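Keeping the supplied structure of chain E fixed, place chain L with the ligand upon it in accordance with the hints.
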Amino acid sequence: MAKAHVYKRDHVNTDEIIPARYLNTDDAVELAKHCMEDLDTDFVRKAKPGDVIVCGDDFGCGSSREHAVWAIQGAKVGAVIAHSFARIFYRNCINCGFYPIELPGALDKIRDGDELNIDYKDGTIENKTQKTKIKFMPLPDFALNIVRDGGLLEHIKKQK
Amino acid sequence: MGMTITEKIMARAAGRTSVKAGELVNANVDMIMCHDVTTPPAISMLREHGVDNVFDPEKIVVTPDHFQPAKDIKSAELHKRLDSWAKEKNLPYYYKLGRAGVCHALLPEQGHIRPGEVIVGGDSHTCTYGAFAAFSTGIGSTDLAAAIATGVLWFKVPASMKFVLNGSLGKGVYSKDVILEVIRRIGTDGALYRAMEFVGPALKEMTMEARMTITNMAIEAGGKNGIVGFDQTTKAYLSGRLKGKTDYTVFESDANAPYVHEDTIDCSKLEPMVAFPHLPSNGKAVGECKGLAMDQAYIGSCTNGRIEDLRIAASILKGRQVKIRTIVVPATPVIWKQAVDEGLAEIFYDAGCVFSAPTCGACLGGFMGILAAGEKCISTTNRNFVGRMGSPKSEVYLASPATAAAAAVEGKLADCRNYL
Ligand code: SF4
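Line order of the protein sequences matches chains E and L.
Number 152 in our numbering belongs to position 152 of the first sequence; there are no gaps in the numbering.
Heads up: take any position in the second sequence, counting from 1, add 160, and you land on our numbering.
Worth flagging that the hints you see were computed from the coordinates, not collected in a lab.
This one's a predicted model, so the numbers in the text were calculated from it and none came from an experiment.
Yeah, the Cβ is synthetic: ideal placement off N, Cα and C, and Gly gets one too.
Warning: the hint list may mix true and false statements.
To be verified - Calculated pairs, DSS-like style, for lysine-lysine (alpha carbon to alpha carbon, straight line, at most 27 Å):
#1 L/K497 / L/K553
#2 E/K157 / L/K256
#3 L/K240 / L/K256
#4 E/K158 / L/K316
Stated by the list, open to error - Label pairs and their computed distance ranges (CB to CB):
#5 L/K247 / E/D141: 37 to 43 Å
#6 E/K160 / L/E218: 19 to 25 Å
#7 E/T132 / L/V514: 35 to 41 Å
#8 L/K231 / E/K33: 15 to 21 Å
Said to hold, decoys possible - Derived list of chain E stretches under chain L, where covered just means 3 residues or more per stretch with a C-beta under 8 Å from a C-beta of chain L:
#9 18-26
#10 51-63
#11 87-94
#12 138-152
Chain E with its partners taken away, still in its complex shape (with noise of 0.2 Å):
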């Protein structure tokens, strides 16, 4: 089952979800340690596989670096709920075929520790706390591809 783990706030940066400190490797079992470390040194700690962060507006502003969308795939983070994204991040999540979650109002609706049951072909939020079913916006078809091949340059092999 996965819990959410809710920050209320907005522009949550890829400092916070990944410092530069460890910028100096690429490694994904390594940047998953501090995954989120700026913002909750404890998360790791925390979070179970599959569990789920939720977040204000602009998730993921401030630097290119795919170290962000790593550390948390790395941590094994299910999914990342989140009002609005930043648009480099948004891009290089689904790159990875990790699928971003906006969800206006998440904030209003999911509360830290809610159990939650994503369906990505619904775009459903089952909150199994507050007994509340949720709709999102599903990607965009062409985007949805890319994550459903597990990433662009998946994508890119088999469509040659």
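Frame of chain E, contents of chain L with the ligand only:
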């Protein structure tokens, strides 16, 4: 309906006569910037996927900058991977240590940026090159890998916002203050997914260096690209400088081009600005915040580490002593040499500053000027997020080189106009 300069460049690169904001296009990429943090992973991805080719070696510029000279063993490994790839692929524009510099200062200076082109780079501040009437945007490592191998990337054509810079900048007020004011007004996601086009008489008066400071920070408002039209200043800067292809196409926005937002800034009314922690949008006029004690001043980066910036800082530091740790970092070797030849290096030495070799270094909290918990730094860089220059408990205040130099002299936030 006409088209904006951004739309025209995207249309040209997509082989179309016209495009509209919101459309998805496959665009040919004209230039790719590669540095030491995001490129080594891109190289590894290409190898893993068995598509280890370079679509056009002439269209790739490589410079280590973030952790150069290597700050530790791990970054040395990154440099080694970058170096052996650049050599193996025989890339003609590989700037090795000694000629390497902060990417966004180096590429224009070395003549790799042409108007009308589509430029991408594995770095968010790639938007800097829009100062040259080009479409330029930052991408991650996977996109970078795809661009290196295929020369093609998909883009959503961004809607454009227009910023009219009216009037004239007063004494002690610079392009950095203008862009901090723009970001203060619209917020750090005010231009999300959009093109930020800058026009107006105050912009026309600016040098290319000053314009680059503005487009550099488009990403700090969430912008996809920042862009400035072509004029005589652009032409003069490019003349005799371009490497490889020396011709280029000039596009300009139609009079009836669509804009989703228009804003006018009266530059004559601006004051020197300081953006408070932890967002570039937290700008305050220096008059409101004078006197706040600082621990360090940092003058450098792709935003304000060019020769013009060092000259401004030196004019304030000349014959004075700094009260706090002050680190001056020319962005490229050419700027470093100019600063030495013009006697600026001596001024910095006499004032008690560190005058370092070109590197991104402390700008991103890498090395060469990291902050301890509780410390405050006045910095000419572009980002003041939590932990950006060191401890998550340190604070970064963004300002122009003049404001940073004045703060260095007083050891606290100060009005640079008292020194000019
Ligand atoms: S100087 Fe700073 S902002 Fe510019 S490219 Fe280097 S790390 Fe990035």
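Hints, verified against the model:
Note on L/K497 and L/K553: the hinted pairing is violated, with a Cα-Cα distance of about 36 Å set against a maximum of 27 Å. For a cut-off of 27 Å, the pair hint linking E/K157 to L/K256 is broken: about 32 Å separates their Cα positions. As the CA atoms of L/K240 and L/K256 are separated by approximately 11 Å, the hinted pair is consistent with the 27 Å bound. Among the hinted pairs, E/K158 with L/K316 is consistent with the structure: their alpha-carbon atoms are about 22 Å apart, no more than 27 Å.
Checked against the given bound of 37 to 43 Å, the beta carbons of L/K247 and E/D141, roughly 41 Å apart, stay inside it. Between E/K160 and L/E218 the C-beta distance comes to about 24 Å, which sits within the given range of 19 to 25 Å. In this structure, E/T132 and L/V514 break the distance hint of 35 to 41 Å, their C-beta atoms being roughly 57 Å apart. In this structure the hint that L/K231 and E/K33 lie 15 to 21 Å apart at CB holds, the actual value being about 20 Å.
Only residues whose C-beta sits within less than 8 Å of a C-beta in chain L count toward coverage, and the stretch 18-26 of chain E has 7 of them, enough to reach three; the restraint holds. For a cut-off of 8 Å, the count of residues in the stretch 51-63 of chain E with a CB near a CB of chain L stands at 5, and the three-residue condition holds. Using a Cβ-Cβ cut-off of 8 Å, 4 residues of the stretch 87-94 of chain E lie near chain L, which meets the minimum of three, so the contact claim holds. Requiring three or more residues with a Cβ within less than 8 Å of a Cβ of chain L, the coverage given for the stretch 138-152 of chain E holds, as 3 such residues are present.
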